[in-house]
Amino acid sequence: MIMQSIKRVIGSIEFGILSPQEIRKMSAVEVTVPDTYDDDGYPIEGGLMDKRLGVIDPGLRCETCGARYGECPGHFGHIELARPVIHVGFAKTIYRVLESTCRECGRIKLTDEEIEGYMKKFELIENRRKVREKLIKEIHKKAKERKVCPHCGAPQYELKFERPTIYWEIRGEEKHRMMPSEVRDRLERIPDKDLPLLGLDREKSRPEWMVLTVLPVPPVTVRPSITLESGIRAEDDLTHKLVDIIRINNRLKTNIEAGAPQLIIEDLWDLLQYHVTTYINNETSGVPAAKHKSGRPLKTLAQRLKGKEGRFRGNLSGKRVNFSARTVISPDPMISINEVGVPMDVAMELTVPEKVTEFNIEKLKKLILNGPEKYPGANYVIDPEGRRIRIMETNRETLVEMIDIGWTVERHLMDGDIVLFNRQPSLHRMSIMAHRVRVMPYKTFRLNLAVCPPYNADFDGDEMNLHVPQTEEAQAEARILMEVQNHIISPRYGGPIIGGIQDHISGGYLLTREGAYFTRLEVEQMLMFAGVEVEELPKPDKVENGIELWSGKTIFSLLLPKDLTIWYRNKLCEDPKECEAIEKLIEEKLIPSKEEIRKVATDGFVYIRNGKLLSGAIDKKAYGREDGKILDIIVREYGVERARQFLDQVTKLAIWVITHRGFTTAIDDEDLPQEAIERIREIIREAEQKVQRLIEAYENEELEPLPGKTLEETLESKIMAVLAESRDQAGEVASQYLGMNNHAVIMAKTGARGKILNITQMSALLGQQSIRGKRLYRGYRDRVLAHFKRRDLGARAKGFIINSYKSGLTPAEYFFHAMGGREGLVDTAVRTAQSGYMQRRLINALQDLKVDYDGTVRDPSGIIVQFKYGEDGIDPMRSWQGKTVDVDRIIVRTLLKLREKG
Amino acid sequence: MTAKKEFAIFDHELVPEHRVLSEEEKAELVKKYKIKLSQLPQIKADDPAVQALDAKPGDVIEIKRKSPTAGVYYYYRIVVGD
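First to last, the sequence lines map onto chains C and Z. Throughout the first sequence, residue numbering follows this note's numbering, covering 1 to 902 in sequence. Throughout the second sequence, residue numbering follows this note's numbering, covering 1001 to 1082 in sequence.
Any given hint could be a false lead.
[Stated by the list, open to error] Cut-off 27 Å, straight-line C-alpha distance, at most; resulting in silico cross-link-like pairs (DSSO-like, lysine-lysine): (1) C:Lys130 with Z:Lys1066; (2) C:Lys120 with Z:Lys1066; (3) Z:Lys1066 with C:Lys850; (4) Z:Lys1026 with C:Lys850; (5) C:Lys868 with Z:Lys1036; (6) C:Lys121 with C:Lys193; (7) C:Lys599 with C:Lys571; (8) Z:Lys1026 with C:Lys868; (9) Z:Lys1056 with C:Lys850; (10) C:Lys755 with C:Lys571; (11) C:Lys120 with Z:Lys1064; (12) C:Lys589 with C:Lys629; (13) C:Lys883 with Z:Lys1066.
[Said to hold, decoys possible] Just some of the chain Z residues that point at chain C, by a computed CB distance under 10 Å: (14) Ser1022; (15) Lys1032; (16) Ile1035; (17) Lys1036; (18) Ala1045; (19) Pro1048; (20) Ala1049; (21) Gln1051; (22) Leu1053; (23) Lys1056; (24) Ser1067; (25) Thr1069; (26) Ala1070; (27) Tyr1074; (28) Tyr1075.
Hints in this document: simulated from the structure, not taken from any laboratory. The beta-carbon is built from N, C-alpha and C at its ideal position, and this holds for glycine as well.
Can you make the complete structure from the sequences, with help from the hints?
Here it is, written out as structure tokens:
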């Protein structure tokens, strides 16, 4: 299948109106018979299925071009209308033009000076559309006001336009209806030289062409009839409408020839106008829609183009494609982030065209022999002439014999093939990335958990799409630009969007925290599992009872690049003093000795020197998404391929640790000792007393209003502050009793999942429920629930929940919680709708802008929008957290190099 | 200049510096970006800044803006009549 087309660039497209001459010239036949097929099912000559309009029946030949069905593109015909009719699409334009011109001489109702002035303005603005349209509107307004023609002096009457296609002339008392022929006569009189001022053109759009005298009949290929199972032919809606038009047209013609009374002729004329109007647009306001026998409105010309399923949005901007698949997704932590697991059934349906060369001919022959049924096989071969031949049981052997260089084999999808993987809604470019195929059993697509964030995917039934690029160019482009590792850094904020999530973080922490040691067996297993190749294990960190032990930090270091040096404060750093000590040491000495570091080492401060983790535990800040510092540095300084390898290994290592150590969380993770519960109760009691005192102060009018607030608002904000503080205090008490051996706390503190607040709510108390940032207040008169006194301003009456999820809510509290919880649900629903609409509008506004090679941002006509992209010309993906360069990092690297030299 | 000046707009800190380009600078700009003057962003002749500078349609105004990304950023706009 070699495309023989000659490539040409479209320079410009111009739209105009067809003139009657043009319609006749492109017509293959004048259609006069309001019928389609005769009783034998043969096209009637001069009818709407005339063979000169093209053929849709196999076996017949087109009488215009001689080609058969499938080859003949179809040809236009025409109908000679007995009387002219208005084209609805132009009804408004016709009205404007009529108003602007003289009823006698056809000149535009402007003085010669005005004409000259406007002509000059038109030359100036060239083709800036908005200005042009404004100018034309202005001209229309001016010309309409003239009551006397400045050219011939004829008096002008006011015109009235009645939708959709009727024009009235108000001659004083008398109202005169202008029939389309009269309208056309007037339009014909307008001289060519006045046309530009009306926004028309003498070659592309003479005004009288807006009144139809000849109607083009689209080729049959545009409106094919469908043969139903019962053998009955169903005609296309357009054909039905054309039948109506021809029938009325013929009736009108015979009536005119017979000299029928004017009244009857005008009635038929209006009927013809109705049919032509609905033929063009069946949703014209003020016109009853033409209906099918069943009562369904007909789908006519405008309806074919309009709307989501119309020609533009449905067939041109978006199409259905081949070589694609869609199924449910499920996780697989064992495959690389740039791989995708493809079910065997899918792999045997999707194919990649592979050209036969002397190097792969033997391999391809084997695939052909396997055929479509056996994997790995092939479904089609394409011969040098471009003919596709399906591989079948019967022709396998012959095809293998025939195949030679120059042929192409469409072989099954195999491991390592490049495919595009996508999840809707495709909101950013990371929604479509290239993956390498791993053919697998079962029926779901498999993906690595680290790529869930960019796709925003989870596994509660999500489906994803897969596309197979069919040319070498497309495959190369996907490999170079679209592979997952190229998108680790998000262009949105210049940091990693792909990274470890959830268990990867918790596992990393369990591996690297102070006091985590592993035996030789464990170390060997985890390194094997993670796919880390080590020549020799490092020396054990300590020996206890004759057992060699390695620290998690040592093992983690094996995954790092050998010359990586970095230090940062992580999420676990709670006591700034501890971190400051080590930070100061590093910054002063730059290369402190190992012993010195170990002395001040803390989980809260990560220090990696020459690929050795010397201090600190791994948490979200190491390789989590959004703020993974180590991952970020590896991408930038060691390349995306190294980053991919690091991410693959580190996530697997973390998973090994977390599965073998065991990691669960249950409600008993929130168990607090009696002492703690008492302290929390005490905090709540105090807070409630404070609130009570505030209310008393308010009632005794002793409360001082805050600036800009009423007395009531002051009271509210003070109460809110007291209650919020009490919840924080209670949370602090709770976390004092829950240490870093508590799994829920580990997850919250390392950033793997949840916040400390969630733990507080589970173990201590829920705190204040709110709607729009205010305490709950809606419900019954002067109270939220009937369980409280009217005008009770106390904490509990207005939605303060003193219980925790664990201790259980009282009925009133449960109700308050439902009120507060509903706001969250409504918010998310509203937010997605709003942001989706905003996204659509933004894309529509910006889609045609591009960054030129000189760094300017321009629209398609070359108008400059920005003189430098983003004002600094920086690609945010190559930037550092959105900034041009990370100066600190450069200084550190340089200093290190200098110090190492001595 | 018929309109009475209430205050000098360029003294306000939110108004960036404006300057009319000379003919040579104009030619240089056109050459640098390989553009026609009509491809520059426009500014209306009745814009207060243009009136304060007494610029005429066809003049090019250079605006020196503060930019959060680049520090200083120069923008060019051509004065158009209405």
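How about Z:Thr1069: closest beta carbon in chain C under 10 Å, or not?
-> holds (4 Å)
Double-check Z:Tyr1074 for me: the hint is only fine if its C-beta lies closer than 10 Å to a C-beta in chain C.
-> Check passed: Cβ of Z:Tyr1074 comes within 7 Å of chain C, closer than 10 Å.
Z:Lys1066 paired with C:Lys850 [C-alpha distance capped at 27 Å] | holds (23 Å)
Would the pair C:Lys883 and Z:Lys1066 pass a check requiring their Cα atoms to be no farther apart than 27 Å?
-> holds (16 Å)
With a cut-off of 27 Å on the C-alpha distance, tell me whether C:Lys121 and C:Lys193 pass.
-> holds (16 Å)
With a cut-off of 10 Å on the beta carbons, see whether Z:Gln1051 makes it to chain C.
-> violated (21 Å)
Return the status of the interface hint for Z:Ala1070: holds when the least beta-carbon distance to chain C is below 10 Å, violated otherwise.
-> Hint holds; Z:Ala1070 Cβ to chain C Cβ min 4 Å, cut 10 Å.
Please verify that hint: Z:Leu1053, Cβ, nearest Cβ of chain C, below 10 Å or not.
-> Given a least distance of 20 Å, the restraint on Z:Leu1053 is violated.
Identify whether the interface hint at Z:Ser1067 stands, where standing means a beta carbon of chain C within less than 10 Å of its own.
-> holds (4 Å)
Grab the minimum C-beta distance from Z:Ile1035 to chain C and call the hint holds if it beats 10 Å, violated otherwise.
-> holds (7 Å)
Between C:Lys599 and C:Lys571, is the straight-line Cα distance small enough, at 27 Å or below?
-> Holds - the C-alpha atoms of C:Lys571 and C:Lys599 are around 21 Å apart, at most 27 Å.
Can the restraint linking Z:Lys1026 and C:Lys868 be considered satisfied, given a maximum Cα separation of 27 Å?
-> Holds, at roughly 18 Å.
Hints 1, 2, 9, 11, 14, 18, 19, 20, 21, 22 and 23, counting from the list given before, are not met by this structure.
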